[in-house]
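*Asks:* Using the sequences and the accompanying hints, generate a full structural model.
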Amino acid sequence: MNVSEIENRLKEAFPDADIDVGALKNDGRHFYCKVSAKEFIGLSKVQQHQLIYKALGDYLQQDLHALALQTSAPSTP
Amino acid sequence: MSNPAFETIKQEINSNPVVLFMKGTADFPSCGFSAKVVHILSDLGVSFKDVNILEDDGLRQGLKEFSNWPTFPQLYVKGELVGGCDIVREMFASGELAELMKKNNIACK
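Heads up: the sequence lines are chains F and L, in that order. When we follow the UniProt record's numbering, the leftmost residue of the first sequence carries the number 1, and every step to the right adds one. When we follow the UniProt record's numbering, the leftmost residue of the second sequence carries the number 1, and every step to the right adds one.
Hints in this document: simulated from the structure, not taken from any laboratory. Errors might be hidden in some of the hints.
Claimed, not checked - Within a straight-line C-alpha distance of at most 16 Å, the following computed EDC-like cross-link-like pairs (lysine to aspartate or glutamate) qualify:
#, chain 1, residue 1, chain 2, residue 2
1, L, Lys10, L, Asp43
2, F, Lys54, L, Asp50
3, L, Lys64, F, Asp58
What the hints assert, rightly or not - The following label-pair restraints were derived from C-beta to C-beta distances:
#, chain 1, residue 1, chain 2, residue 2, range
4, L, Glu99, F, Gln61, 29 to 37 Å
5, F, Lys34, L, Glu96, 18 to 26 Å
6, F, Lys34, L, Ala107, 32 to 40 Å
7, L, Gln61, F, Lys25, 21 to 29 Å
8, L, Thr25, F, His65, 28 to 36 Å
9, L, Asn68, F, His65, 19 to 27 Å
10, L, Glu7, F, Pro15, 36 to 44 Å
11, F, Asn8, L, Pro4, 34 to 42 Å
Glycine included, C-beta positions come from ideal geometry on N, C-alpha and C.
*Replies:* Structure (structure tokens):
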């Protein structure tokens, strides 16, 4: 799994979002994602992260070890 | 059909005000993310029940389904999922985590 695979999945799920994906380590198993999306407006952090997990779906069942998430809703819709 | 692990999970989160489902134990965390949350809770002086999901694969898989949350650690306060390491860290930094504990009458610094 690599950064662009994760990025593409997120872009499909959140087409207008600000998305930043990167590697935490160069082992293909540790990544971070920062996503600011209008879909997150009015949702709790738990719900925001659940949307990301849903978008990544089966990727998380593979040997991904760590995904650091930072989500936010745009301040002005 | 409900997962047999759900009963165990409900039992844990209903009988302990603060539960951390983690990799390893509070004394010997086996993952940096779990260790981080243990540190934060200790900093706040919050006592919690640690559950090592590495010891029970049924529980590990069941919890992912129960909480709709695929990763660990998972912090529960009064039966509610608060979040994983990233959320706990953000809430700690902003003071929200201490507020949440106080709101739920959980002793904390």
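*Asks:* Now, for every hint given, state plainly whether the structure supports it.
*Replies:* Right, here's what the structure says about each hint:
This hinted pair does not check out: Lys10 of chain L and Asp43 of chain L have alpha carbons roughly 27 Å apart, beyond 16 Å. At most 16 Å may separate the alpha-carbon atoms for a hinted pair to count; Lys54 of chain F and Asp50 of chain L exceed this at roughly 27 Å. Restraint check for Lys64 of chain L and Asp58 of chain F: the C-alpha separation of about 13 Å stays at or below 16 Å, so the hint holds. For Glu99 of chain L and Gln61 of chain F, the Cβ-Cβ distance of about 35 Å falls inside the hinted range of 29 to 37 Å, so the restraint holds.
Take Lys34 of chain F and Glu96 of chain L: their Cβ atoms lie about 19 Å apart, and the range 18 to 26 Å holds. Take Lys34 of chain F and Ala107 of chain L: their Cβ atoms lie about 34 Å apart, and the range 32 to 40 Å holds. With their beta carbons about 26 Å apart, Gln61 of chain L and Lys25 of chain F fall inside the hinted range of 21 to 29 Å. Checked against the hint of 28 to 36 Å, the C-beta distance between Thr25 of chain L and His65 of chain F comes to roughly 19 Å, which is inconsistent with it.
In this structure the hint that Asn68 of chain L and His65 of chain F lie 19 to 27 Å apart at CB holds, the actual value being about 20 Å. The supplied range of 36 to 44 Å is met by Glu7 of chain L and Pro15 of chain F, whose beta-carbon atoms lie about 41 Å from each other. A hinted range of 34 to 42 Å for the beta carbons of Asn8 of chain F and Pro4 of chain L is consistent with their spacing of about 37 Å.
This entry does not satisfy hints 1, 2, 8, going by the numbered hints stated previously.
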